[in-house]
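K.L.:
As a plain string of letters, each chain reads:
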Amino acid sequence: MSLGRIVALLSRHMYLYKRSFARLLEIFYWPFLDLVVWGFITIYLEKVGMSLHGAVSFFLGALILWDVLFRAQQGIAVSFLEEMWARNLMNLFASPLTVGEYLVATMTMSVLKVTAVGGLMMIFAWVFYSYDILQMGLSLLPFVLNLVISGWIIGVLTTSIIMRFGQQAEVLAWGMVFLFQPISCVFYPIEVLPPVLQSLAWMVPPAHIFEGMRGVLTTGNAPVTHLLWATGLNGGFLVLIVAWFYHTFNICKERGMLVRVGE
Amino acid sequence: MPASDSMASSVVEVRNLSKRFQGFTAVDNISFDIKKGEILGLLGPNGAGKTTTIHMLLGLITPTAGSIHMFGLDLATHRETILQQVNFSSTYISMPFSLTVEENLKVIARLYELKHIQQRIDDIVKKLEMEDIRHRLTRKLSSGQMSRLTLAKAIMTEPKVLFLDEPTASLDPDIVNKIKSFLKEYQRSEGLSILYTSHNMREMEEMSDRIIFLQRGKIVAEGTATEIIQRYGQRDLEEVFLKLAREQNGP
Chain A
1 MSLGRIVALL SRHMYLYKRS FARLLEIFYW PFLDLVVWGF ITIYLEKVGM
51 SLHGAVSFFL GALILWDVLF RAQQGIAVSF LEEMWARNLM NLFASPLTVG
101 EYLVATMTMS VLKVTAVGGL MMIFAWVFYS YDILQMGLSL LPFVLNLVIS
151 GWIIGVLTTS IIMRFGQQAE VLAWGMVFLF QPISCVFYPI EVLPPVLQSL
201 AWMVPPAHIF EGMRGVLTTG NAPVTHLLWA TGLNGGFLVL IVAWFYHTFN
251 ICKERGMLVR VGE
Chain W
1 MPASDSMASS VVEVRNLSKR FQGFTAVDNI SFDIKKGEIL GLLGPNGAGK
51 TTTIHMLLGL ITPTAGSIHM FGLDLATHRE TILQQVNFSS TYISMPFSLT
101 VEENLKVIAR LYELKHIQQR IDDIVKKLEM EDIRHRLTRK LSSGQMSRLT
151 LAKAIMTEPK VLFLDEPTAS LDPDIVNKIK SFLKEYQRSE GLSILYTSHN
201 MREMEEMSDR IIFLQRGKIV AEGTATEIIQ RYGQRDLEEV FLKLAREQNG
251 P
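Chains A and W, in that order, give the protein sequences. Each residue of the first sequence is one higher than the last, beginning at 1 in my numbering. Each residue of the second sequence is one higher than the last, beginning at 1 in my numbering.
Since the hints were derived computationally from the structure, they do not count as laboratory data. Honestly, I wouldn't trust all of these hints.
Claimed, not checked - The list that follows gives simulated cross-link-like pairs (lysine to aspartate or glutamate, DMTMM-like), each with its CA atoms no further than 20 Å apart: (1) A/K253 x W/D74; (2) W/K140 x A/E82; (3) W/K184 x W/E205; (4) A/K253 x W/E80; (5) W/K184 x W/E206.
Said to hold, decoys possible - On the chain A side, residues computed to face chain W include the following (Cβ under 10 Å): (6) R5; (7) V7; (8) L24; (9) M90; (10) S95; (11) L258.
No residue lacks a Cβ here, since even glycine has one placed at the ideal position from N, Cα and C.
So that you can see chain W by itself, here it is in the shape it has in the complex (with noise of 0.2 Å):
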């Protein structure tokens, strides 16, 4: 277990982490911190190494090299205990298709040990507004009721660190403005750790206290939105973005 100061305030801490997949690289010797009560966000074009890098921190790829510890325990060694603190969200999962929304978040619940099942539901249900299907088939929902039964499922195991990968992708305006509201609030009255990955830039600066940039696997630039802007000497993270990744894809 690392002895390093900064494990007092990181609750995730990263450190020389790669995958190789047969010939391939897909992050090369990262190492980050994300600390109590920040957002982190994750930055890179397709293929940049981002959805691994949760992957690993979720524990369903284990990586060719490096350590992940998370409230200053080895994921390698602690995975029960680490993973009952820890949850995430993307629009690329899915639930269950023929649970209803309340079958599928009791489901999470059971898998989690809550205690007052039905009160978290009914509570978390609230929050998200999804009183209107709650008893809805999940096959049934539409994209953006889909994203926030993945959010609901996630939220209401109280989890301190939550990975969340692209949870707005192609949603509409007014639901990724929801979205985005309710997990600021949520992290900020909670004091949530939360890695955040999406391909709004935009979002993105307002989402995120701190940025990594990651390019082929490595990361290229970190610090505040601000900081990454004015190092690249560009008007935007859009522009930053865009000259990172035309230099990953070539000319």
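Looking at chain A on its own, in the form it has when it is part of the complex (with noise of 0.2 Å):
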């Protein structure tokens, strides 16, 4: 693993995000319009007076770690499509890069999308709506660092799944997180599910730590035993994941489809 080479694909990305101003209002302006939008039906809530406690902890708290599992997941799958579209991917592959360097290159520039979004709306929610996520804790920081590789997964997954079918699935980059939200949880408990996706909320790392999440809202302190279960599904699923990129990886070289991708 060289870490230079992985340098040399963050300063690429880094150049350009630097002039780029369709990739500053990734990290701006729809986060911003989200919290507003998230932040008003909070204040509707709380003055209708529905029996909501911590109506605005629970809604902009779960918001912004929505955008958290988002903006990581986003961070690997675009990252895939700006080398798609610039054809750009055969620059890569032919040089001395390898599959791990990418991968972990992606994953790191979903880390520093994740951290410029996720700052920026906890100081639009604490200005605007005098909310400071921060009140939580420390306990929160495992349930984020889970929500991170959850991020990870998905984006590697939506990857593979564009490197194999090309441009017709680059939608995918943007909708394949929303496909696993009902079953996360993340504006609600996991128990107003019915039955069936309840038993396939529990095997989704998300819906234990937007659960998590409510915990330690609630009593202050991290349930441990979320914790342990987002951890340990997140552990196994990676490594599948990776192992399924690889994989995926190998057959796109074999069909000859990794020289075409974005054709």
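Since each chain sits alone in its own frame, please combine them into the complex, following the hints.
P.N.:
Right, dumping it as structure tokens:
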């Protein structure tokens, strides 16, 4: 594993972001709009007297954490799309760059994106709604880290599908994560789901993470069971999805799709 | 690892290489060597298997059968070591449009873990007369400038083997002439081995020490341009090309 080659890929994206208005919008504009809309909904719910104790914390906290998952996934999938659009995949994979280095670089890119978006949303929430997510304390940190890993898993899955099916699948870079939203129980507790979906949700790390977040809000302590489940599931899924990515990459090389992806 | 004597002078050794896609054989059991400091021309009509062969040599397509050795190492098991010493350029590839010429070269230099990056960029920009475009966005380059950029990215890494897939296609004659002169001079001074494809027969004769003619994925002729012309009883390479291409495409 070469750090220099990982830095090379990161620098390629940094050059792009520094002068791309559309990419900066992704970091500043959409998260800000999300926060404004959900902030007003939360205020409305409180005004009409709905008996939602701590509605601001529930909704805004969930929204910020949902964006962590969303941006972590996007950081991986959109980085691949950037290479596809630029017809740069040949330059990358005809160089000594390995698949492992490519994945580590995109994962690092997703962490940078999450840090930028998460930081900005925390500031916006504090300035506009006097909501400080840090009040939940350090017990939230392991859940956030797990969310980032969940984002990587969905991002690598999305990338392997785009690599296999090309441009017709690129919409998944924005849509795939929403497939997991209903069973991730971002804005509602898991018991709201019908029994069949509840069983499915317990197998999805983000459901444990959002349940855990609500636990932190209610009790002030991190529910260890949810944390262990999320970590265990994430570890297992991450190994499986990376193996799946290598497998798909090899299939694409065998079928000559790597040199045609994006055409 | 093959222990043939030819490995001593051959930097590339291809043996019984085949590539079959669903129901279609793109490359059919070809074998050839490229010697140190040699320019080998790969000639053939569209669909003859030239680009597929180059993609296999770059590790971008996995062969169905056969082996590729470079510098005595098997590409299947020593990909990183081999690709560190190999590069390619083609009129048909691109580089990220939103980066400037210099930024693109910096990324490539880091990918190949080059030392003294700025010095290397300064040198290659000067050699290929790109000073005026080094801070220009890649999307604003003309096709000739883009060809020079892809050539610069290939040369900058100081490869021992260079694959050039129609590097002068759709360029105006002045730029073609400059690129050919540069390549010839650079190849002589660095002892570089080159695999060269082109549809321009005169260019092929001019550039190549030896030529391989591919037809429907098979090697149908091999030798110097003069040898091939004599073997087919034609006046020049263009006539040989037309004869073989018509055989491939049918009447």
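K.L.:
Look at each hint and say if it fits the structure.
P.N.:
How the hints compare with the structure:
no. : hint            : in the structure
1   : A/K253 x W/D74  : 17 Å, holds
2   : W/K140 x A/E82  : 18 Å, holds
3   : W/K184 x W/E205 : 13 Å, holds
4   : A/K253 x W/E80  : 16 Å, holds
5   : W/K184 x W/E206 : 10 Å, holds
6   : R5              : 6 Å, holds
7   : V7              : 6 Å, holds
8   : L24             : 12 Å, violated
9   : M90             : 6 Å, holds
10  : S95             : 5 Å, holds
11  : L258            : 6 Å, holds
Hint 8 from the earlier list is the only one contradicted by this structure; the remaining hints agree with it.
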